[in-house]
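**Q** The residues making up each chain are set out below.
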Amino acid sequence: MVTTVTQASLAVNEKLTIRKNRIKNGSGKKRLCLVTGIHGDELEGQYLAYLVGKKLNDSIGCLDGTVDIYPALNPLGIDSITRGIPKFDLDMNRVFPGSKDGTLTESVCGAIIDDISGADICVDVHSSNIYLKELPQIRISVPTAKTLVPYAKMMNVDFIWVHDAATVLESTLAHTLNSRGTKTLVVEMGVGMRITEEYCFQLYEGVFNLLKELGMWSGETKPVREPVISLNRSVGFVNSDAAGVFVPCRRFGDNVKKGEHIGDVLDPLTSTVAAQINAVCDGMIFTLREYPIVFGGSLLARILQPENAEEGGEAL
Amino acid sequence: MKKEILYSIKSPYREPLDIIGFRFGSGSPALAVVGAMRGNEVQQMYVCAKLVRELKKLEKKRGIVPGKEILVIPCVNYYSMNIGKRFWTMDNTDINRMFPGYDLGETTQRIADGVFSQIKNFEYGIQMASFYQQGDFLPHVKMMKTDFAEQELMSLFGMRYGIVRTPRPYDTTTLNFNWQIWETKAFSVYTNATDVIDESSADDAVTAILRFMTRAGIITGKIHPGYCTEIIPESGIEQIRTESAGIFRSMTHVGTHVEENDILGKILDPLDCEENSYIRASAAGVVFFEFNKPLIDENTVCFKLIKD
Ligand SMILES: [Zn+2]
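Those sequence lines, one after another, are chains A and B. Residue numbers for the first sequence follow the numbering used here, so the first one is 1 and each next one is one higher. Residue numbers for the second sequence follow the numbering used here, so the first one is 1001 and each next one is one higher.
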């Protein structure tokens, strides 16, 4: 059943409406929320939301409990290829928890939090941005790792990145919900403005496995992959010092050795190589630049080092 | 005066972005002033440019106190200004949300680091800031409330209002907040324009900064004392929000004193001009902020009052 989570009037003859689809069956009291579209240019979650809802509709007898699907927390952004909320400076994921009696954006964020709070688990699906492609991964801050890693392992991702907590991230949806006792997993996968079918199917298997583990799903599931966890490992960041056009020569998911050639920043005006890009450490490329134009500083790749590697990366 | 390139970054096809600084005097780093970090902050750049002109004159007259150094950076981000964009040309990030910066990080983190490494040792810091809300407001000076802040220092500017802001999580990556963390006494000065030039407001800002510099013992000279600054917490400013959406018509202006229940504006239906709602003063006070766009959404702050 499609319901309205919250509404607010826009200037001319239109309402901003946040909607969800509630799919419910059996007597089970458990509830899973699948949310996506905080960033209007991240679309991988759109296909995932469709796939999950369709499977539930088709096999509703296998569900025991409630699944709420929120495909568009930032509908104005999605409909206008805008990462943030149009006309609003701040990233929507910096406005939570919001407030019921705040401004338009704050009240929308507040209503979303109220609606999700109390769920047994929430999965917030992101897809990087238009510049970088990400291997399916779940990002967890250190203070919540103990609670969340066991659930993240059920999700069929390749990688669980446990990162330091930062004050600026206290205004995210996930931080707000986790601090109020609603376990929330942040998925990052694929790239902005595109759908990577393979990843959507991978996460789709993960969502049903999670439902099964929660005792909400009696249908068929497939065994999930064992994710690599970043604890005791470091991540190497490859940033460009040169400006130009980046063309990689290694692929996403590849294992590379420190110093290995992974791509070039080219200067098409003079047909010269502005900089050869080498791996900063041993490990697996789990982030790779997708958008070719780079400035000094642009991130080109992230490399996950093997366990207990000593040098060349940021310790986690 | 020394004009120098403080930091430079390369782009694929444009000339490098050279961040220019003007240094006056020499000795202990006394005051750094930073202008436009966003591409629409023309007034902020203009105030700094005027300040550079005044300081040049002052230096000739030996008006800079010996042993004091002043650094003015009128424009950090002219790349965006030259192409009519507000945020960073490539990835739309906001340089003022990248502090303290990181020299090995993304482009705007590197720019923030390049600037911050030049200005973090100063005793005082002034940022010419712009407002995130669309509207007109009374010029003021603002400080972040941190353990380090001495709020009374705001009165040295002689502006009418000094506002104390309690930082929110998203403030922790701004220049102003990080300056304080690095123990620079940091202020944000707001004039009442951003993407247009308001000459008299720009002159007032330059005067306020010169007044501050005189009182802080950085320059010498005579300057009229300005206002006796009223220092108020941001949370004490009364916010009035719209109850409906449509065409916004203000019926007052900033600086006006209003009584409780006075009509401040109205919202008209955008298709048939029916009056959707009136906006009334929720308290008696001075109109500090007024929304200035013709279209307005529901629940949007349209007026702010400094209560009596
Ligand atoms: Zn996102």
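To be clear, the hints were calculated from the coordinates, so they are not data collected in a lab. Remember, it's a predicted structure, so these values are computed and weren't measured experimentally. Just so you know, not all the hints are guaranteed correct.
[Unchecked claim] Ranges of calculated distance between the beta carbons of each label pair, as one might list FRET restraints:
1) B:D1018 with A:K212: 56 to 62 Å
2) A:P292 with B:L1271: 43 to 49 Å
3) A:N13 with B:S1282: 44 to 50 Å
4) A:V245 with B:L1104: 18 to 24 Å
[What the hints assert, rightly or not] Here are the computed lysine-lysine pairs in the DSS-like style, where the Cα-Cα straight-line distance is at most 30 Å:
5) B:K1003 with B:K1185
6) B:K1266 with A:K15
7) A:K87 with B:K1293
8) A:K100 with B:K1060
9) B:K1010 with B:K1057
10) B:K1068 with A:K257
11) B:K1068 with B:K1050
12) A:K257 with A:K212
13) A:K258 with A:K54
14) B:K1057 with A:K87
15) B:K1142 with A:K87
16) A:K258 with B:K1010
17) A:K100 with B:K1002
18) B:K1050 with B:K1060
19) B:K1050 with A:K100
20) B:K1002 with A:K15
21) A:K55 with A:K183
22) B:K1307 with A:K87
23) B:K1003 with A:K87
24) A:K100 with B:K1293
25) A:K100 with B:K1003
26) A:K183 with A:K24
27) B:K1085 with A:K87
28) A:K15 with B:K1057
29) B:K1060 with B:K1010
Here a beta-carbon is modelled for each residue, glycine too, at the ideal position from N, C-alpha and C.
**Q** Each hint needs a verdict: does it hold in this structure or not?
**A** Verification of the supplied hints:
{"no.": "1", "hint": "B:D1018 with A:K212: 56 to 62 Å", "verdict": "holds, 59 Å"}
{"no.": "2", "hint": "A:P292 with B:L1271: 43 to 49 Å", "verdict": "holds, 46 Å"}
{"no.": "3", "hint": "A:N13 with B:S1282: 44 to 50 Å", "verdict": "violated, 28 Å"}
{"no.": "4", "hint": "A:V245 with B:L1104: 18 to 24 Å", "verdict": "holds, 22 Å"}
{"no.": "5", "hint": "B:K1003 with B:K1185", "verdict": "holds, 24 Å"}
{"no.": "6", "hint": "B:K1266 with A:K15", "verdict": "holds, 20 Å"}
{"no.": "7", "hint": "A:K87 with B:K1293", "verdict": "holds, 12 Å"}
{"no.": "8", "hint": "A:K100 with B:K1060", "verdict": "violated, 57 Å"}
{"no.": "9", "hint": "B:K1010 with B:K1057", "verdict": "violated, 34 Å"}
{"no.": "10", "hint": "B:K1068 with A:K257", "verdict": "violated, 52 Å"}
{"no.": "11", "hint": "B:K1068 with B:K1050", "verdict": "holds, 20 Å"}
{"no.": "12", "hint": "A:K257 with A:K212", "verdict": "violated, 39 Å"}
{"no.": "13", "hint": "A:K258 with A:K54", "verdict": "violated, 45 Å"}
{"no.": "14", "hint": "B:K1057 with A:K87", "verdict": "violated, 42 Å"}
{"no.": "15", "hint": "B:K1142 with A:K87", "verdict": "holds, 24 Å"}
{"no.": "16", "hint": "A:K258 with B:K1010", "verdict": "holds, 26 Å"}
{"no.": "17", "hint": "A:K100 with B:K1002", "verdict": "violated, 52 Å"}
{"no.": "18", "hint": "B:K1050 with B:K1060", "verdict": "holds, 16 Å"}
{"no.": "19", "hint": "B:K1050 with A:K100", "verdict": "violated, 44 Å"}
{"no.": "20", "hint": "B:K1002 with A:K15", "verdict": "violated, 55 Å"}
{"no.": "21", "hint": "A:K55 with A:K183", "verdict": "holds, 24 Å"}
{"no.": "22", "hint": "B:K1307 with A:K87", "verdict": "holds, 29 Å"}
{"no.": "23", "hint": "B:K1003 with A:K87", "verdict": "violated, 37 Å"}
{"no.": "24", "hint": "A:K100 with B:K1293", "verdict": "holds, 25 Å"}
{"no.": "25", "hint": "A:K100 with B:K1003", "verdict": "violated, 50 Å"}
{"no.": "26", "hint": "A:K183 with A:K24", "verdict": "holds, 20 Å"}
{"no.": "27", "hint": "B:K1085 with A:K87", "verdict": "holds, 13 Å"}
{"no.": "28", "hint": "A:K15 with B:K1057", "verdict": "violated, 56 Å"}
{"no.": "29", "hint": "B:K1060 with B:K1010", "verdict": "violated, 36 Å"}
Figure legend: structure checked against the earlier numbered hints; hints not met, in rising order: 3, 8, 9, 10, 12, 13, 14, 17, 19, 20, 23, 25, 28 and 29.
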